[in-house]
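Trainee: Each chain is listed here by its residues.
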Amino acid sequence: MRRPWIGLVLAAALLVLLDAGLPHVLNPYYLTILTRIGVAVLAAVSLQLINGFTGQFSIGHAGFMAVGAYVSAALSVYLGAGWLVALGAVLPVPLARALYFPVPLVAGGLAAALAGLGVGIPALRLRGDYLAIATLGFGEIIRIAILNVDAVGGARGFSLTSAAQPAADLRYDGLGAIYAVVALSVLVIARLVYSTGGLAFRAVREDETAAESVGVATTRVKVEAFVVSSFFAGVAGALFAHSEGYVHTNSFAFLRSFEIVVFVVLGGLGSISGAILAATVLTAAPEVLRGLGEWRMILYSLLLIVTMILRPQGLMGQRELGPLRWLATRPRQRHAAA
Amino acid sequence: MPLLEIRGLTVRFGGLTAVAGLDFSVEPGALVALIGPNGAGKTTAFNVITGIYAPSSGSVRFDRKEIGGVSPHRICAHGIARTFQNIRLFRSLTALENVRAAVAAAQRSGLRDVVRGPGWSQREQALEERALELLTRLGLERVADTKADALPYGEQRRLEIARALATQPRLLLLDEPAAGMNPSEKEALRGLVARLREEFGVSIVLIDHDVAFVMNLCDRISVLDHGEKIAEGPPEVVRRDPQVIEAYLGNNGESA
Amino acid sequence: MLDFQQLMQILPQQLVFGVTLGMIYGLIALGYTMVYGVLKLINFAHGDVYMVGAMTGFYVAHALGFAGHPSMVGLLVTLVCSMAVCALLGALIERVAYRPLRGAGRLAPLITAIGVSLFLENTGQVLFGADPKFFPPLLESREFGRVGALSISNIQAVVLATTLLLMAGLEFVVMRTRFGRAMRAVSFDAPAAALMGVPVDRVILGTFVLGSALAAAAGILVGLSNPKIDPLMGIMPGIKAFVAAVLGGIGHIPGAMVGGLVLGIVETLVSGYLSSTYRDAIAFVVLIAILLYRPTGLFGSAQTEKV
Ligand SMILES: Nc1ncnc2c1ncn2[C@@H]1O[C@H](COP(=O)(O)OP(=O)(O)OP(=O)(O)O)[C@@H](O)[C@H]1O
Ligand SMILES: [Mg+2]
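Chains as they are written, first to last, in my numbering: chain H, 1 to 338; chain C, 1 to 256; chain F, 1 to 307.
Wrong hints could be hidden among the right ones.
[Unchecked claim] In silico lysine to any residue, SDA-like type, Cα no more than 20 Å apart, as pairs:
{"id": "1", "chain 1": "C", "residue 1": "K147", "chain 2": "H", "residue 2": "R319"}
{"id": "2", "chain 1": "C", "residue 1": "K147", "chain 2": "H", "residue 2": "A96"}
{"id": "3", "chain 1": "F", "residue 1": "K306", "chain 2": "C", "residue 2": "K147"}
{"id": "4", "chain 1": "F", "residue 1": "K228", "chain 2": "F", "residue 2": "P137"}
{"id": "5", "chain 1": "F", "residue 1": "K228", "chain 2": "C", "residue 2": "R12"}
{"id": "6", "chain 1": "C", "residue 1": "K147", "chain 2": "F", "residue 2": "A104"}
{"id": "7", "chain 1": "F", "residue 1": "K306", "chain 2": "H", "residue 2": "E208"}
{"id": "8", "chain 1": "F", "residue 1": "K306", "chain 2": "H", "residue 2": "A328"}
{"id": "9", "chain 1": "F", "residue 1": "K306", "chain 2": "C", "residue 2": "G14"}
{"id": "10", "chain 1": "F", "residue 1": "K40", "chain 2": "F", "residue 2": "P137"}
{"id": "11", "chain 1": "F", "residue 1": "K40", "chain 2": "H", "residue 2": "Q313"}
{"id": "12", "chain 1": "F", "residue 1": "K306", "chain 2": "C", "residue 2": "G79"}
{"id": "13", "chain 1": "F", "residue 1": "K228", "chain 2": "F", "residue 2": "N154"}
{"id": "14", "chain 1": "F", "residue 1": "K306", "chain 2": "C", "residue 2": "R12"}
{"id": "15", "chain 1": "F", "residue 1": "K306", "chain 2": "C", "residue 2": "A179"}
{"id": "16", "chain 1": "F", "residue 1": "K306", "chain 2": "C", "residue 2": "N86"}
{"id": "17", "chain 1": "F", "residue 1": "K228", "chain 2": "C", "residue 2": "G39"}
[What the hints assert, rightly or not] Chain H side only, calculated, beta carbon under 10 Å to chain C, not exhaustive:
{"id": "18", "residue": "L91"}
{"id": "19", "residue": "R156"}
{"id": "20", "residue": "R191"}
{"id": "21", "residue": "G197"}
{"id": "22", "residue": "L199"}
{"id": "23", "residue": "A203"}
{"id": "24", "residue": "V214"}
{"id": "25", "residue": "V216"}
{"id": "26", "residue": "T218"}
{"id": "27", "residue": "Q318"}
{"id": "28", "residue": "L321"}
{"id": "29", "residue": "R325"}
{"id": "30", "residue": "R334"}
In case anyone wonders, no lab produced these hints; they're calculated from the structure.
Glycine is no exception: its CB is placed at the ideal position from the N, C-alpha and C atoms.
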């Protein structure tokens with residue numbers, strides 16, 4: 001456990017390498033589900049920063065995913081396809097693709113972060129449930145606004161096939177690369193909150209007045225949480241758009257936002273591991289239960305109710321597991337262990 | 001030149017005047033008590049000094065700068081820290097984390113903490129050392145990894161003081177630190193407060209109900225009643241002031 | 001685009017539609033706001049109770065033979081049955097999904113609320129089928145009255161009258177009965193009310209019963225005016241009614257009605273004059289505009305925390 005990030009980087013490299021072979025071993029159905037789990041994990045962990053660590057209550061996260069998904073998709077369709085073709089002419093195609101795909105992810109993230117800033121600054125005047133409903137409202141407004149933009153398909157949805165460059169394959173569903181992005185993002189968030197400076201997030205969650213009194217600029221911390229969280233929600237949206245190859249605003253309705261809130265609360269507010277666990281289990285559950293036919297969603301909802309009653313603090317409480325736990329320990333103990 | 005100088009401070013909540021035309025100052029290195037019956041406006045005065053409420057009128061100067069209406073975290077950066085009457089710790093964080101949060105409040109989390117370049121780990125450890133040292137000086141080193149809300153009451157009060165000191169204040173405001181303590185704990189607290197002034201070189205304002213408690217501890221006592229300062233001076237003088245006796249015995253029968 | 005004169009001509013008619021819709025939002029919003037008052041819980045399952053109300057009405061009307069024979073009596077019996085069923089359902093939901101989490105923080109019950117909502121929607125799809133059903137015409141639609149060019153149908157009149165009656169009833173219960181007093185006490189300060197001997201759990205249960213019955217009534221009234229019903233019909237009105245409750249100041253009973261009316265009118269005008277694609281967004285635009293201006297809704301009082 002000397003340097004966990006070395007391990008993570010190695011794992012990521014391994015996963016990227018796997019991408020070449022994976023489609024030959026796993027059937028596309030599993031690949032799709034695993035991809036969706038990755039997207040759900042990133043969405044959940046990013047929301048955990050706002051809801052679990054900063055103690056604010058946002059229930060409009062899907063709106064930021066939508067911004068990331070649509071901005072990245074539009075970028076790819078209108079500009080990226082050309083770049084990809086040009087790059088492909090001078091570089092081997094896999095390399096060209098590996099170089100190109102981070103671009104829409106970052107663009108989607110930045111666009112969502114900007115939206116997060118725009119929403120966060122006015123919304124953070126509100127408290128508690130009023131903040132919650134405002135974020136829900138912003139999320140829905142974003143979605144409906146996108147629905148009315150013809151350039152991204154409006155109600156028809158938006159397909160990642162460029163009319164100008166039909167040869168460019170803008171879909172990117174390499175599972176290893178996707179998981180590498182997710183892992184990297186999770187690491188960034190974990191390092192942010194589990195540093196001495198990052199205690200400011202939790203101080204705001206615990207007691208805003210006390211936090212201010214010891215010098216924490218609570219409003220700025222909250223805006224930061226919103227912006228960083230939205231950035232990664234945008235990345236998750238961009239991953240979603242490029243792995244599915246098609247986006248529709250229906251994927252980002254408030255029910256999707258609720259789902260992410262469920263991941264965060266069921267996993268345990270203030271636990272990154274918990275968010276990962278809950279997002280994984282709850283994304284896989286409907287698929288695992290598929291054999292039950294129409295009863296599966298009923299069972300799913302009962303599962304949700306029963307788990308929450310049995311573990312009101314969430315699956316993990318505020319605890320972490322594995323490398324995340326290591327990140328969350330005291331600096332001195334961490335050093336002693338290394 | 002006083003460190004803190006309040007002039008004509010008035011605070012109104014709707015129709016209620018909680019503080020009325022208060023003049024109050026603290027010299028560098030002083031240990032001053034602010035006493036008065038329930039609802040006298042003591043906590044409200046603290047809340048204005050620390051920026052939680054803005055003055056309705058009047059001025060609050062700290063180190064010659066006007067701080068009335070400035071936001072609390074900026075005031076903290078100027079060098080004023082406080083504790084709260086009804087303890088406000090970061091309850092689900094450990095004692096050490098409570099203090100670390102205050103140590104680091106000025107430096108935010110950011111890219112530096114994500115990238116963690118060379119020297120980062122040493123810096124983090126140095127910050128932790130500082131926090132640990134504070135805990136040690138307040139006798140809390142054994143409970144460094146205990147969650148704040150699992151601590152006994154007296155330790156919670158001390159942890160709040162440690163957290164306040166972590167911001168390196170020049171003025172420390174203690175709001176009823178002795179509340180709910182038994183006589184022997186109170187005695188220990190008096191020792192602690194006197195020591196803090198020596199060791200940390202801070203000026204201290206201490207709120208309490210009880211004249212006896214602050215008697216041999218403070219240089220000076222100011223007495224508030226109904227938002228107005230009714231007496232001020234050395235403890236011996238204030239104790240015998242008829243208006244003070246009247247305020248305590250006449251209004252709500254609390255013993256002085 | 002219509003010219004100004006035409007706009008003004010259809011305005012009163014639009015307002016009638018808006019008020020009718022707003023009354024229904026208001027009825028649902030009352031349930032949100034009352035439950036929020038006593039439990040500080042956003043009961044996300046409330047919209048689905050409204051759906052169950054409409055569905056119950058459908059089956060009751062068919063079973064008792066009112067479907068083919070519109071009459072006031074039929075409507076009344078259907079309304080009462082549906083309100084009774086939903087009152088029971090509301091009580092059940094409270095007992096099973098919320099009471100075990102009393103004192104477990106505010107987010108855990110929110111998740112069970114989402115769970116209950118999913119449960120009702122999906123069970124609805126299994127029991128009632130996913131396809132829309134058509135609510136039987138319990139009243140023959142005809143003109144009730146007319147003022148100049150403005151025409152009010154008997155259905156609109158029934159919706160308005162029923163809502164006003166129910167609201168008056170609620171006002172009476174809340175302001176004039178022992179239960180209502182207990183409910184206000186719990187809303188004001190539950191721990192203190194408990195210390196004063198108010199049976200808090202019973203009051204909460206009663207609040208769910210009342211709120212759910214009102215949602216059922218809204219379900220029947222919607223069935224009259226907009227007969228297409230399906231198991232997912234509660235989602236959108238549920239969210240909008242919640243918005244209405246927040247708009248009025250959540251926890252504030254008359255505020256919920258006013259919020260519902262504002263929302264119903266604005267929404268009708270927007271879809272009438274601008275474009276119906278923006279209809280669902282406008283509720284939120286109004287909400288955010290009002291919250292930025294008044295951070296705790298129209299009638300909500302700001303809670304300042306004493307330090
Ligand atoms: N935020 C507020 N809003 C309205 N009134 C307030 C507020 N804060 C304080 N008050 C009122 O101002 C008056 C002074 O209160 P304050 O808390 O300053 O008294 P105190 O001297 O600290 O009393 P105690 O000894 O009980 O702590 C009281 O009447 C109190 O109710
Ligand atoms: Mg006080």
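Trainee: Next step is simple, just say for each hint if it's right about the structure.
Mentor: So, going through the hints one by one against the coordinates:
no. : hint                : result
1   : K147(C) <-> R319(H) : holds, 13 Å
2   : K147(C) <-> A96(H)  : violated, 51 Å
3   : K306(F) <-> K147(C) : violated, 25 Å
4   : K228(F) <-> P137(F) : holds, 11 Å
5   : K228(F) <-> R12(C)  : violated, 57 Å
6   : K147(C) <-> A104(F) : holds, 19 Å
7   : K306(F) <-> E208(H) : holds, 13 Å
8   : K306(F) <-> A328(H) : violated, 33 Å
9   : K306(F) <-> G14(C)  : holds, 14 Å
10  : K40(F) <-> P137(F)  : violated, 38 Å
11  : K40(F) <-> Q313(H)  : holds, 18 Å
12  : K306(F) <-> G79(C)  : violated, 24 Å
13  : K228(F) <-> N154(F) : holds, 19 Å
14  : K306(F) <-> R12(C)  : holds, 14 Å
15  : K306(F) <-> A179(C) : holds, 18 Å
16  : K306(F) <-> N86(C)  : holds, 10 Å
17  : K228(F) <-> G39(C)  : violated, 61 Å
18  : L91                 : violated, 28 Å
19  : R156                : violated, 39 Å
20  : R191                : holds, 5 Å
21  : G197                : holds, 3 Å
22  : L199                : holds, 4 Å
23  : A203                : holds, 4 Å
24  : V214                : holds, 4 Å
25  : V216                : holds, 5 Å
26  : T218                : holds, 7 Å
27  : Q318                : holds, 7 Å
28  : L321                : violated, 18 Å
29  : R325                : violated, 14 Å
30  : R334                : holds, 8 Å
Checked against the numbered hints given earlier, this structure breaks hints 2, 3, 5, 8, 10, 12, 17, 18, 19, 28, 29; the rest are met.
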